[in-house]
Amino acid sequence: MADLKLNGNMAAGIPLEPGQQDDFPELATKLAARDVGGIIVGSPVYFGSMTSLCKAFLDRCISLRMRHFALANKVGGALAVGAVRNGGQELTLQGIQAAMMCQEMVVVADGRPTAHTGATVWNSGKDDISQDEFGMSTVKNLGRRVAEVALRMAAGK
Amino acid sequence: MASKANRRKFLQAAGLGVAATAALQTTGPAVSAESTSATKRVKIIAVSGSPRKGKTTAAARPRQSIPSGSRRNSSSWPT
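Protein sequences appear in the order of chains A and B. Residue 1 is where the first sequence starts when you use my numbering, and the numbers rise one by one after that. Residue 1 is where the second sequence starts when you use my numbering, and the numbers rise one by one after that.
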């Protein structure tokens with residue numbers, strides 16, 4: 001979403017100005033599509049929480065909630081990248097997951113064997129997260145878990 | 001509070017536990033995404049909340065070495 005303009009103020013009941021547009025409608029169409037079974041939202045950790053861009057996106061999703069909960073029953077997973085090992089990744093995940101629950105999404109964490117709160121990654125500043133073996137395993141387990149549950153739900157199980 | 005459960009009630013409760021365990025076992029292990037992909041297709045969308053495109057924030061920020069003994073909450077310390 002780095003290039004997108006998103007106006008999170010709509011969550012406060014402040015509508016867009018007449019003639020004003022942001023980039024959310026195109027994104028919303030993709031997210032709410034019927035064949036989308038799962039959504040993974042990732043964010044760097046800034047001061048112990050998600051980025052303002054990520055929060056604006058989640059706040060802007062209020063229009064999907066108002067549209068008969070268009071994200072309901074889609075599987076949601078969260079990923080956080082922090083600059084230090086215990087740099088607020090879990091708090092960031094919880095913030096994202098709370099927003100997902102407000103959309104009636106089905107929140108899952110990273111699956112077994114790590115199976116905790118979601119994908120927690122550490123980027124020590126070398127721009128190479130592949131060195132974070134544990135973090136990368138949580139990423140893989142999150143992706144697999146989201147897919148597993150999405151498939152189960154699609155199959156009506 | 002003292003428990004009033006006698007041996008009979010305890011065994012009944014244990015039996016329920018066994019039944020619940022058996023019911024869980026009949027549902028089988030977790031469904032593998034690979035094993036069920038032939039039956040149904042779903043899309044998974046990933047959304048990145050990073051304001052930097054193609055480069056992580058930590059890597060984009062000029063790094064300064066932190067001298068030993070310095071306070072960690074200095075402005076150069078990552079957030």
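Hints are computed from structural coordinates only; laboratory data are not their basis. Some hints here could point you the wrong way.
With beta-carbon atoms standing in for the labels, derived distance ranges [what the hints assert, rightly or not]:
{"id": "1", "chain 1": "A", "residue 1": "P18", "chain 2": "B", "residue 2": "R52", "range": "13 to 23 Å"}
{"id": "2", "chain 1": "A", "residue 1": "H68", "chain 2": "B", "residue 2": "R41", "range": "21 to 31 Å"}
{"id": "3", "chain 1": "B", "residue 1": "A46", "chain 2": "A", "residue 2": "R34", "range": "13 to 23 Å"}
{"id": "4", "chain 1": "A", "residue 1": "P18", "chain 2": "B", "residue 2": "R41", "range": "12 to 22 Å"}
{"id": "5", "chain 1": "B", "residue 1": "R52", "chain 2": "A", "residue 2": "G48", "range": "10 to 20 Å"}
{"id": "6", "chain 1": "A", "residue 1": "K126", "chain 2": "B", "residue 2": "A46", "range": "17 to 27 Å"}
{"id": "7", "chain 1": "A", "residue 1": "P15", "chain 2": "B", "residue 2": "R41", "range": "28 to 38 Å"}
{"id": "8", "chain 1": "B", "residue 1": "R41", "chain 2": "A", "residue 2": "A115", "range": "23 to 33 Å"}
{"id": "9", "chain 1": "B", "residue 1": "A46", "chain 2": "A", "residue 2": "D127", "range": "31 to 41 Å"}
{"id": "10", "chain 1": "A", "residue 1": "K157", "chain 2": "B", "residue 2": "R52", "range": "35 to 45 Å"}
{"id": "11", "chain 1": "B", "residue 1": "R41", "chain 2": "A", "residue 2": "G48", "range": "36 to 46 Å"}
We treat Cβ as the ideally placed atom computed from N, Cα and C, and that holds for glycine.
Evaluation of the provided hints:
no.	hint	verdict
1	A:P18 <-> B:R52: 13 to 23 Å	violated, 32 Å
2	A:H68 <-> B:R41: 21 to 31 Å	holds, 24 Å
3	B:A46 <-> A:R34: 13 to 23 Å	holds, 18 Å
4	A:P18 <-> B:R41: 12 to 22 Å	violated, 41 Å
5	B:R52 <-> A:G48: 10 to 20 Å	holds, 19 Å
6	A:K126 <-> B:A46: 17 to 27 Å	holds, 22 Å
7	A:P15 <-> B:R41: 28 to 38 Å	holds, 37 Å
8	B:R41 <-> A:A115: 23 to 33 Å	holds, 26 Å
9	B:A46 <-> A:D127: 31 to 41 Å	violated, 19 Å
10	A:K157 <-> B:R52: 35 to 45 Å	holds, 40 Å
11	B:R41 <-> A:G48: 36 to 46 Å	holds, 38 Å
The structure shown violates the earlier hints numbered 1, 4 and 9.
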